[in-house]
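These protein sequence lines map, in sequence, to chains A and B.
Under this note's numbering, read the first sequence as residues 1 to 446, first letter to last.
Under this note's numbering, read the second sequence as residues 1 to 446, first letter to last.
Simulated from the structure, these hints should not be mistaken for laboratory data.
It is possible that some hints are incorrect.
To be verified - Within a straight-line C-alpha distance of at most 27 Å, the following computed DSSO-like cross-link-like pairs (lysine-lysine) qualify:
| id | chain 1 | residue 1 | chain 2 | residue 2 |
| --- | --- | --- | --- | --- |
| 1 | B | 207 | B | 182 |
| 2 | A | 389 | B | 367 |
| 3 | B | 169 | A | 228 |
| 4 | A | 228 | B | 200 |
| 5 | B | 109 | B | 151 |
| 6 | B | 176 | A | 228 |
| 7 | A | 222 | B | 169 |
Remember, it's a predicted structure, so these values are computed and weren't measured experimentally.
2 protein chains.
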Amino acid sequence: MKNKLGMIEEIAFSDTFYLRLRESLAGLKFLVKMKGFQNLTLTQDALKKWFGILQIVKPSAEEIPLEEALNRVLVQDIIANENLPRFDRSAVDGYAVSAEATIGASQFKPTIFELTESNVVGASQAKQVWTGNPIPKGADAAVMIENTQKKDGEIEVWVQMAPGDNVSKRGEDVRKGEVVAKSGRRLNPFFLGLVAALGKNQVAVAKKPRVAILATGNELAKVGSTPKTNQIFESNGVMLSAMCSELGAEPVDLGTVRDDLDQITEALKSGLTRTDAVITTGGTSVGGLDLVPDAVNKIGTPGIVVHGVAMRPGMPTALAVLEGKPVMVLSGNPVAAVVGFEVFARPLICKMLGMIREEHRLTLRAKMIRNVSTALGRKTFVRVKTFEKDGNVFAEPVSARGSGAISTMTRGNGFLVVPEDREGVAEGEIVAVRLFGALEEESKGV
Amino acid sequence: MKNKLGMIEEIAFSDTFYLRLRESLAGLKFLVKMKGFQNLTLTQDALKKWFGILQIVKPSAEEIPLEEALNRVLVQDIIANENLPRFDRSAVDGYAVSAEATIGASQFKPTIFELTESNVVGASQAKQVWTGNPIPKGADAAVMIENTQKKDGEIEVWVQMAPGDNVSKRGEDVRKGEVVAKSGRRLNPFFLGLVAALGKNQVAVAKKPRVAILATGNELAKVGSTPKTNQIFESNGVMLSAMCSELGAEPVDLGTVRDDLDQITEALKSGLTRTDAVITTGGTSVGGLDLVPDAVNKIGTPGIVVHGVAMRPGMPTALAVLEGKPVMVLSGNPVAAVVGFEVFARPLICKMLGMIREEHRLTLRAKMIRNVSTALGRKTFVRVKTFEKDGNVFAEPVSARGSGAISTMTRGNGFLVVPEDREGVAEGEIVAVRLFGALEEESKGV
Chain A
1 MKNKLGMIEE
11 IAFSDTFYLR
21 LRESLAGLKF
31 LVKMKGFQNL
41 TLTQDALKKW
51 FGILQIVKPS
61 AEEIPLEEAL
71 NRVLVQDIIA
81 NENLPRFDRS
91 AVDGYAVSAE
101 ATIGASQFKP
111 TIFELTESNV
121 VGASQAKQVW
131 TGNPIPKGAD
141 AAVMIENTQK
151 KDGEIEVWVQ
161 MAPGDNVSKR
171 GEDVRKGEVV
181 AKSGRRLNPF
191 FLGLVAALGK
201 NQVAVAKKPR
211 VAILATGNEL
221 AKVGSTPKTN
231 QIFESNGVML
241 SAMCSELGAE
251 PVDLGTVRDD
261 LDQITEALKS
271 GLTRTDAVIT
281 TGGTSVGGLD
291 LVPDAVNKIG
301 TPGIVVHGVA
311 MRPGMPTALA
321 VLEGKPVMVL
331 SGNPVAAVVG
341 FEVFARPLIC
351 KMLGMIREEH
361 RLTLRAKMIR
371 NVSTALGRKT
381 FVRVKTFEKD
391 GNVFAEPVSA
401 RGSGAISTMT
411 RGNGFLVVPE
421 DREGVAEGEI
431 VAVRLFGALE
441 EESKGV
Chain B
1 MKNKLGMIEE
11 IAFSDTFYLR
21 LRESLAGLKF
31 LVKMKGFQNL
41 TLTQDALKKW
51 FGILQIVKPS
61 AEEIPLEEAL
71 NRVLVQDIIA
81 NENLPRFDRS
91 AVDGYAVSAE
101 ATIGASQFKP
111 TIFELTESNV
121 VGASQAKQVW
131 TGNPIPKGAD
141 AAVMIENTQK
151 KDGEIEVWVQ
161 MAPGDNVSKR
171 GEDVRKGEVV
181 AKSGRRLNPF
191 FLGLVAALGK
201 NQVAVAKKPR
211 VAILATGNEL
221 AKVGSTPKTN
231 QIFESNGVML
241 SAMCSELGAE
251 PVDLGTVRDD
261 LDQITEALKS
271 GLTRTDAVIT
281 TGGTSVGGLD
291 LVPDAVNKIG
301 TPGIVVHGVA
311 MRPGMPTALA
321 VLEGKPVMVL
331 SGNPVAAVVG
341 FEVFARPLIC
351 KMLGMIREEH
361 RLTLRAKMIR
371 NVSTALGRKT
381 FVRVKTFEKD
391 GNVFAEPVSA
401 RGSGAISTMT
411 RGNGFLVVPE
421 DREGVAEGEI
431 VAVRLFGALE
441 EESKGV
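Make the full structure from the sequences, and use the hints.
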């Protein structure tokens, strides 16, 4: 296992290795060493296998006040308990009349109506209404005040109206009994407004899944401390926690442990008792010590169900199930950890929240301004900087620096995902970019 | 003022009025009544005038822990205080060697290296390294373990290396002294990771601007109560509050008041003492009582600086300045309030946060599947449902139901913004849609 995954990690980090492999037809020893490679699982197969074992059920629900429900996910359909508008309303300031009585009316030949205060108007009567007021019985249109002239308890109407003119009909926005928001829908401000308009001040939403984050590695120094010469600062924890928060999960920090089987095992066990899912970062290859998968398998069954994924970066990613809970063993390399999260934690959290479907990052079409070469057989996540120029969207690769370079995620704003059956993308090709940051220049107008 | 704005509101709500106006060449009285219309201010002029008077300065700063900094906005540049990586690191598990010594090496003619534990390696020496380990002095490449064979304190190297092969060079990710994140940048998870990698556990961010939200109107019933026959539920407050939260402001609920000059004045004053900005909704035309602008002008100077904006919906929007603070008087119609927020509150909050530029909603190009007619002279915000089909993006208008219909914001997922000099958009035209909801079907792959 150790050697196999050590090798997988190396493939992930070498830009030249795969080309050399394909060029090399000599060397039987070389081919024998590729066994681990043959075991890589395609991303979609990995997800399917993992989800098949996990059997994620409906999320637990909680009733919360509407004003706390932004970005939460509904666990039941919201059905309109009444019509919106609740009654026929005037859409203008003016007079409610029967449209039929205005036939032939013009500025040169106005129709005269008697003003009334009653809630029922006759054919020759009009009632003053302000925007939002109920339309009285007998009336079916509202004439704007500008198209009238008031004279001694009467009004002149200068325009011919059709039934329904300037009237917001009862139920025209929402019909009673209609499903206005489906279970599994994330609530944006407009859904909150709609729910409030129906008179509800509480909603039933999915409880936030608690996701433990554990960083492992002898080389890791705590942020804020003074690192030794050969140490680096632990930075994946805060990043993965924020990614959890963004999706609506509640991150639980398990801190950092050394590459020590017992320490890792204890931390994993602690995470499993306190949370609904565990993410680890590091320890799948750093220092050649694959201790996290070993620790996982030591704790229980089925343990690791996928180890080694046909993607780049993030090849040494492992997926596990312990006590019926999902465990994701991500690479310690920052970008590989991000990709592992995107490919596995994102759909997992969406499923745990009971979302209708996985919430993807928004995808934009863009024109490549440089070639990118990728390895056949690996789904490759190329970081690109997407920008707009003269109304067209372009993408420039920024990922030459390797999977350890977190700055490719801050210099870039999107992933170009090159599928397994492609060896790259050519300059000028139109590609789909999954945005994870703001565009450099926005489109304007039509 | 009352009549003028009453009229403006009516124009906003009538789908047929403008066409009738242009058709009507007769009727002098009619034209006289259009005076208010002439006074409408273009959105960009309104914003410029308001911002000119406001003179927004740099935001107040606060130092917060990195783990609380997601989506907060930096108030100073983050400069790398060291290189990333901090030292030349091996990108693979294997052996550090001098590349020059491997010239001519192959599986059939390996180069032999003596293994050493020293931090300095000679030309014929190699040191074992795991991914992430420092590259010792004298070495400039790392050979992958697969391309070697260990034998009694020596290794055979089977491949020829170039200097830098499989080495992450010191500073190749981030160079010491480099600005890694600019002041005014919103922090996503990847920026948090990068800041942590530099060893910082605190960041200086803009304090959240506090924005008061006040709903006005006799017709409003509190959500959760039993409304009278002619009442509707107050729903804009929770929606506008959520929109503030999304942008990184802190909403402060001032509740609901009736169309009463004193009540409105008191509420506004209370908001001004407790917050950095005030948003009101309603009371610009409902019931013909334009009391909010009157209340604003009663409180102080300069008071209302723009009243009536050439946009649809949201024409009766007013902008004011009181005690040097921004006040936005939005329509009571939900969609008009949303549009008022998008056009004025969004750039305001971005500016108060010290953002580099206004944070726009993401814009997608889409093909219109139906005609839309809009009024000349008004910037029109058409709600559209944007969806993907066979790799193309289409937009279907959903806004036929008027500015009161909040469901157009939940059935739709974007605004098509038709500029003032257009009378609509034709079927088949490619338009830019500002997304406010998820796409119906995502793009996949390249």
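Keeping to a limit of 27 Å between CA atoms, is the pair of residue 109 of chain B and residue 151 of chain B held or broken? holds (15 Å)
Need the status of pair residue 228 of chain A, residue 200 of chain B: alpha-carbon distance at most 27 Å? Answer holds: residue 228 of chain A to residue 200 of chain B is near 16 Å, not above 27 Å.
Given the hinted pair residue 176 of chain B and residue 228 of chain A, is their alpha-carbon gap at most 27 Å? holds (18 Å)
Pair hint outcome, residue 169 of chain B versus residue 228 of chain A [Cα-Cα no greater than 27 Å]: Holds - the C-alpha atoms of residue 228 of chain A and residue 169 of chain B are around 18 Å apart, at most 27 Å.
Need the status of pair residue 222 of chain A, residue 169 of chain B: alpha-carbon distance at most 27 Å? Satisfied, since the Cα-Cα distance of roughly 22 Å is no more than 27 Å.
Run the distance test for residue 207 of chain B versus residue 182 of chain B: straight-line Cα separation, threshold 27 Å. holds (17 Å)
Within 27 Å, alpha carbon to alpha carbon, are residue 389 of chain A and residue 367 of chain B? holds (20 Å)
Hint compliance for this structure: no hint is broken.
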